[in-house]
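Chemist: Given chain P's structure and the hints, the job is docking chain L onto it.
The listed protein sequences correspond, in order, to chains P and L.
Note that my numbering gives residue 75 to position 75 of the first sequence, counting from 1, and the numbers run on in steps of one.
Note that my numbering gives residue 251 to position 251 of the second sequence, counting from 1, and the numbers run on in steps of one.
Keep in mind that the hints are not guaranteed to be accurate.
As the list claims (entries may be wrong) - Listed next, with one range per pair, are the computed distances between beta-carbon atoms: (1) P:83 x L:3: 45 to 53 Å; (2) L:204 x P:161: 52 to 60 Å; (3) P:49 x L:217: 35 to 43 Å; (4) P:183 x L:14: 54 to 62 Å; (5) L:266 x P:208: 49 to 57 Å; (6) L:136 x P:83: 21 to 29 Å; (7) L:283 x P:49: 46 to 54 Å.
Said to hold, decoys possible - 20 Å max Cα-Cα, derived EDC-like pairs, lysine to aspartate or glutamate: (8) L:68 x P:107; (9) L:217 x L:157; (10) P:84 x P:57; (11) L:4 x L:226; (12) L:65 x L:46; (13) P:110 x L:95.
Stated by the list, open to error - Covered, in the sense of this in silico footprint (three residues per stretch, anywhere, with C-beta under 8 Å from a C-beta of chain P), are these stretches of chain L: (14) 73-80; (15) 98-107; (16) 123-133; (17) 154-161; (18) 178-192; (19) 271-278.
Keep in mind the hints are simulated off the structure, nothing from the lab.
The beta carbon of each residue, even a glycine, is placed where N, CA and C say it ideally should be.
Next come the chains, spelled out residue by residue.
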Amino acid sequence: MTTATTVSRAEYCVIACADAWRDNGEVLASPMGTIPAFGARLAKRTFSPDLLLTDGEATLVGLDGTPEGWLPYRQHLTMVTGGKRHVMMGASQIDRFGNQNISCIGDWSKPSRQLLGVRGAPVNTLNNPTSYWVPKHSARVFVEKVDMICGVGYDSAAAAGPSATRYHRIPRVVSNLGVFDFSTPGHSMRIASLHPGATVEEVRDCTGFALVIPDDVPYTREPTAEELRLIREVIDPRGVRDREVRS
Amino acid sequence: MTDKTMTPEQVVARLRSGMTLGIGGWGSRRKPMALVRAILRSGLTDLTVISYGGPDVGLLVAAGKARKVVAAFTTLDSIPLEPHFRTARQSGAVELMEIDEAMFMWGLHAAVNRLPFLPVRAGIGSDVMRVNPALKTVTSPYEDGERFAAMPALRMDAALVHMNRADRVGNGQYLGPDPYFDDLFCEAADTAYVSCEQLVETAELTKTAAPQTLLVKRHSVTGVIETPNGAHFTSCAPDYDRDEAFQKAYATTPWPEFAERFLSGVDEKAYQSAVQTWHEEQK
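So here's chain L without its partners, still in its complex pose:
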């Protein structure tokens, strides 16, 4: 079987400016941050980012990589408002397709199932329809005749997700409490890249964990990237919690200063090392 392992740089080399990227995780939880950081180091621009948004959105917006965001929220969880997303919205620097959490989910399901849309009892009556004038409604063909929002498929050029473990052929395993929507992101995309805390042999995956933890299936995966601590500073339960101190620094340090210190290195190792040095200084 094909060995799909690659480096973050090899992932970025397969992406193009103007692409629509889906990013898994939720808020400031299990975000594929190492892959996001690789994008920040690249020349990619003009991206559309589909995300249950956290610092992935904030970073891509702050660095001028994202032209458009599709989201129901953008939050750092323990810090409710994402500072860079706020700045970008308040200055009008980024386009937003603001939809409800359930509409988002049905958009993923539609894309996965190769449907143009799915009906959802959400959106109508709210200003989601006003601020997204392209959103249409659909009337039930049955006796009830009910009218619903027709949530368009959220089809993506590429998806990025982060797992606790994966094998070389693209089977991804989550060991935390919530799968979020990462399997759907992978299946809704033409290509999908799975970073993981630890790359293991296939047989290792189920030695101590049940088969239902195998969330992402290899047929929907293009590349596998081993990036220990790759969700930093978001959480990756049970491997590690959110780095609250560092997240606070991210949220309060002026962007140029933060970017210079932590994101200007040549690779992910340089980032991890800069973070380690920062933590030493805090002691």
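One chain only, chain P, in its complex shape:
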């Protein structure tokens, strides 16, 4: 089984993403990106067996691909507003209060770089827990202020009032360097854990705003032997994770 093999950075990322869905119960795990997808599958195989997963299209499937439900876009959007979902989205930009941008870079009226568009970020963030995954932590992504608020952050939700804050929650942001949350009095982003090998200085250098740094910064937890086996032999035997995050 497990000898003293080194856990790769990508594997810590999978673990950190999987933990986002811990104790979520019978909700839809919606991962965007490769490593969040592996994380969701790992969570379902281990500590969160009741999670619902999709095939990426309109079918709810078990871990072996067995269909167990139909979830076309219109019903998926209802699941969002009903709150029975925890999505992990990407972010081209994210700021200290968790405002996220995937729409465009620069002035919206004539952007320097047009990206995807707001997609479902506005509805996601006001209705179901929304976490984020950033495979390459940099000051270009972790910015002082996003150019276009797609996913609503804590300050923006508060300013918009009770119907925005009522179901608003950003459990965590996972990057290739660590895990971040908003468990501070002002909901400003803080380091929740560093992936082993990453340092506070490194994270600080790669972040365009002042993170809250606790006195004792823990490391992201180690995977269990069984979790490592599942990642390496069952979920991602071809090592695709190492292409999204390099060690």
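Modeler: Just chain L now, with coordinates in the frame of chain P:
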């Protein structure tokens, strides 16, 4: 009953410059591309396009047909960013009403139900409200007193959708995994045109498929157009997958060159034949 079959050219003849068009499908999936191509061959201009956007938006923008786009995204799915939409946005060539996916859906529902708007818990707190200053909010008249975005009805002059099968009177059937919002597009529009892979007798529709695959109902359909491979190069499951190689060529070939080679023919047949020749060359 009225036979509603027509050609792509007859559809275009019923459209006018300045109209608001809804286009069904999602991203680079089951788009009524043959009808879009017929618009590209026409003199139509100044269109407002409402779409869960894919290459339909890219083509209409690149060809200078669309003045305004209403969308939550524009993507080619396997190629995340639509190159022609990007160019148009970055040069300021196209106006955009950028709204959230759920707001879009509620805008369709409002139009279908002849309501001026529907409340949605989305938009507020985001910059969707900033970049769309005309969007208003509405306060619940009940005890909760909550405030929501009042998503205006997305009413359309015409809708274009693509189905796997249809009959001559306008009953449209989808056989893929997702209906997208095509029935809503048809009902949200004053006129709706349903292209299909195969035109069949009504009784054929349910010979091997369940009645719930009959997505579009004839009362909401103006015209039916048989256009085999008419969603190309987007997917039309289960009839065919996306033509990834051709989509890549679309995304990487300079627009004038692409338009000249594939879109300058006299009709849809000329397009399909140009694509076939291109595929032969790739072997």
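Chemist: Name the hints, by number, that the structure is in violation of.
Modeler: 17 and 19
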